[in-house]
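Engineer: Protein sequence lines correspond, in order, to chains F and V.
With the first letter of the first sequence counted as 1, position 226 gets the number 226 in the working numbering; the numbers rise by one all the way through.
Numbers given in the working numbering equal positions in the second sequence, counted from 1, plus 1000.
Think of the hints as simulated: they come from the structure by calculation, not from any bench.
Just so we're clear, the structure is a prediction, and the values are computed from it rather than from any experiment.
Built from N, CA and C at the ideal position, the CB exists for glycine as well.
Hints are supplied without guarantee of correctness; some may be wrong.
[What the hints assert, rightly or not] To list a few chain F residues with every Cβ distance to chain V over 12 angstroms, as calculated:
id : residue
1  : L70
2  : S71
3  : D168
4  : R291
[What the hints assert, rightly or not] Pairs of lysine-lysine, DSBU-like flavour, derived with a Cα cap of 35 angstroms:
id : chain 1 : residue 1 : chain 2 : residue 2
5  : V       : K1112     : F       : K96
6  : V       : K1169     : F       : K256
7  : F       : K288      : V       : K1169
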Amino acid sequence: MLIGKPPDIPSSAITSKHKYLNRRRFLRGALSTAVVAGASGAAIERAAEVLSPRTAVHADTKLDTIKSPLSTTGEQLTSLEDITHYNNFYEFGVDKGDPAQNAGVLPTRPWTVKVDGLVKQPKTFDIEALLKLRPLEERIYRHRCVEAWSMVVPWVGYSLSEFIKACDPLSKAKYVQFLSYYNHKVEKWASESTIYWPYSEGLRMDEAMNPLALLTFGLYGEVLPNQDGAPIRIVLPWKYGFKSAKSIVEVRFLDKQPPTTWNDMAANEYGFYSNVNPNVDHPRWSQKTERRIGLPFYAQRRQTLMFNGYGEQVASLYTGMDLKRNY
Amino acid sequence: MNRSTIILLKSLTWAACLWPLALLVYGAVTNTLGADPTAKITFTTGYTTLLLLILSLGVTPVRSLSPRLSWLVRFRRLLGLFAFFYGTLHLLTYVALYAGFDIHAMLADIEKRRFITMGVIAWLLLVPLAATSTNWSIRKLGGKRWNRLHKLVYLAAICGVIHYWWQVKPGVLSPLRLTIVLAVLLFARPVLAYIQRRKNPVTA
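Construct all of the structure, not just a fragment, from the sequences and the given hints.
Structural biologist: Spelled out as structure tokens, the structure:
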């Protein structure tokens, strides 16, 4: 006798997330070949959206979010597939696809963030407490990599300034440093490069207090996939992507500029500020344009905007500074 | 090695050499080149160029291991020409998808960016080799001169590998494998020549 009714749809018939996303890409491709010339990439995207809407991608790791006025509008979101399979996270390998394959071993629970340096009282925050510190907002940001590619990502988090207030830094604190998780037994791929681990990034205090700086816990309404910096990272949409430290375990408040990983590796290529700036080239390539991820090769190229288009909110942080010298 | 086996092997070599391009064309048509198609096309064409150059450089050392491998030399030209073909595709990818056919941008890049300068030098070194790849050219130039000219392929491969190192971020070791293979092939020549001389000191 059967106890309980079998589900109407056998689980074998449910399209996997992966297949579903692949189908979207195939559809996009089929459409783009069908129209051949004339149609813009955006129109193809819209047509694909109508035929195969982006709905059922949310799993059981959903985060409740509220809307934010700081969210960017008028941009086509990069697909979850691309955001989670095109990553620079060198602790898990240097190829773009490596983190998606390898980051599963990152132990994201239990997780704490140690706060020390120039603070009233050093303390340790548990990730669950940080998730509840402020309401989580959805913030769509353009994401511009120093390698001249870009995405549009719907992040989930709240302003870093809220967290910094909870840290009680002393007024002497002029800089804040972020250290990423590192364990050479877990991140075996870290030796693929000669980088000195753990990954370190830093900001001037006023930059960190800018409301655009986001303490980030999720994307696409779900908790961060490991390869995108789970369980907690920062996102600084007006700076090149490498400034946005992932999988943060320690935050230090300092009176001096902290050493930062890529700046240490090659100071002439990666400045401490690293604000997105189309007028200052990387020594090895131009930063005037960028390739938008997820579009066909003939539609990828677009102009790079000063401060990645966030000048209205952040330009005042740098008044009087020579941005060519302080790249 | 009889004629029909050579024809079969040549056809297989053609198919293998065209395979990376076929994958790119299929990917472009179905839009399955991954998240960053431009980067994928650039990397595939560049990497295939270096791989084929190194394979063509491997022919002579491998052949000298045994007289029974002498037929391998009949594949060297094919590999070399395909290397030039992919190198040209790689260059065109840069011209179209990076520089947007803007001649001023290209000249500025060549002047300012040493990895681009080095890549262009590597390609320019391959041009006279591709141009003199016919039997007619060999006859016209004479074996000795032709051989001397085609030694440039070593320089082209070295420039190509330097181009690769200068393109990746400092500290990233991805070009290491190809570099080691090229280094082994470069050292193999004098070592094999030395062994040959010890074996029959009368000749040469």
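Engineer: It remains to establish, for every hint, whether it holds in the given structure.
Structural biologist: Here is how each hint holds up against the structure:
| no. | hint | result |
| --- | --- | --- |
| 1 | L70 | holds (26 angstroms) |
| 2 | S71 | holds (23 angstroms) |
| 3 | D168 | holds (36 angstroms) |
| 4 | R291 | violated (5 angstroms) |
| 5 | K1112(V) <-> K96(F) | holds (27 angstroms) |
| 6 | K1169(V) <-> K256(F) | holds (27 angstroms) |
| 7 | K288(F) <-> K1169(V) | holds (19 angstroms) |
When each numbered hint is compared with the structure, a violation occurs for hint 4 only.
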